[in-house]
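Top to bottom, those sequences are chains A and B. Note that my numbering has the first sequence beginning at 1, numbered continuously upward. Note that my numbering has the second sequence beginning at 1001, numbered continuously upward.
Incorrect hints may have been included.
[What the hints assert, rightly or not] In silico DSSO-like cross-links for lysine-lysine, where the CA-CA straight-line distance does not exceed 27 Å:
1) B:Lys1074 x A:Lys63
2) A:Lys89 x B:Lys1073
3) A:Lys73 x B:Lys1095
4) B:Lys1074 x A:Lys68
5) A:Lys16 x B:Lys1069
6) A:Lys17 x A:Lys94
7) A:Lys73 x B:Lys1105
8) B:Lys1008 x A:Lys73
9) B:Lys1069 x A:Lys89
To be clear, the hints were calculated from the coordinates, so they are not data collected in a lab. Keep in mind that this is a model prediction, so the values were computed, not measured.
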Amino acid sequence: MSEEEMIEGGGEGVIKKFLYLNRRAPYGSIYALESLEVVLIGAAFEQDVSVAFIDDGVYQLTKGQDTKGVEMKNFSPTYRALEMYDVEKLYVFKESLDERGLTEDDLIVDVEVVDAKQMADLMDEQEVILSF
Amino acid sequence: MAFEVDGKTIETDEEGYLVDLSQWTEEIANKLAEGENLEMTSDRWEIVNFLREYYQEYQIAPAVRVLTKAVGKKLGKDKGTSKYLYELFPYGPAKQACKIAGLPKPTGCV
């Protein structure tokens, strides 16, 4: 948003801490894509946004997704646009990566890998948690 | 809705966005621009082409705020302003330029 718009529109805005929790595989259901769209739309409201990936949700960020067989759009490149929407706090649950034989190097964006304690603290800090 | 270019039927949704993004050609862009009462000058082409590249890379049509920032980075500071973009696309750069570029309506464009 330009400075003008911020003064006009955001002056009295309340900033809350939002956490979007992604737990499901990217394809086979609409949850991952819907979550991503909500994050992008929400970004316009200048909230304090964090996004976390747990369980099969970690697959949403894996490199080399090929969706030809499932006839869905491969929307994984869009996660790389999050930074431009000022969504910079991405967390991935270490245990979920480990269980699936994945490491940070398998992911298309820079994330912070967190353990159970850190993930619990992160959730504790939030004012709003939306789970997908 | 639909229109014809080169004997091919091009379908658009109720707001005028292409249904099949892969159908896009420069000629179709000209036709879509006509519908917006805009002439495709080189400045407008620059933004439309930029949007197509952006979509290619990120699979998303950017919100105005993001478009402005990205244009500023890529095409120069003087072009990365809402003023410049709104002069080219008076009804909203994201909306009009995306439509002409054959992209879906920007996410977050309500």
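Hints and how they fare:
For the hint linking B:Lys1074 to A:Lys63, the alpha-carbon distance of about 26 Å falls within 27 Å, and the restraint holds. At roughly 22 Å between alpha-carbon atoms, A:Lys89 and B:Lys1073 fall within 27 Å of each other, so this suggested pair holds. Proximity of A:Lys73 to B:Lys1095 is assessed by CA-CA distance (about 21 Å); at most 27 Å being required, the pair is judged to hold. The hinted pair formed by B:Lys1074 and A:Lys68 fails the criterion: a straight-line CA distance of about 31 Å is larger than 27 Å.
Distance hint between A:Lys16 and B:Lys1069 is fulfilled; the C-alpha atoms sit about 24 Å from each other, no more than 27 Å. This hinted pair checks out: A:Lys17 and A:Lys94 have alpha carbons roughly 22 Å apart, not beyond 27 Å. For the hint linking A:Lys73 to B:Lys1105, the alpha-carbon distance of about 16 Å falls within 27 Å, and the restraint holds. Taking the CA atoms of B:Lys1008 and A:Lys73, the gap is near 25 Å; set against the 27 Å cutoff, the hint holds.
Between B:Lys1069 and A:Lys89 the CA atoms are separated by roughly 20 Å; this keeps the pair inside 27 Å, and the hint holds.
Violated hints amount to a single one, hint 4; each of the other numbered hints is respected by the structure.
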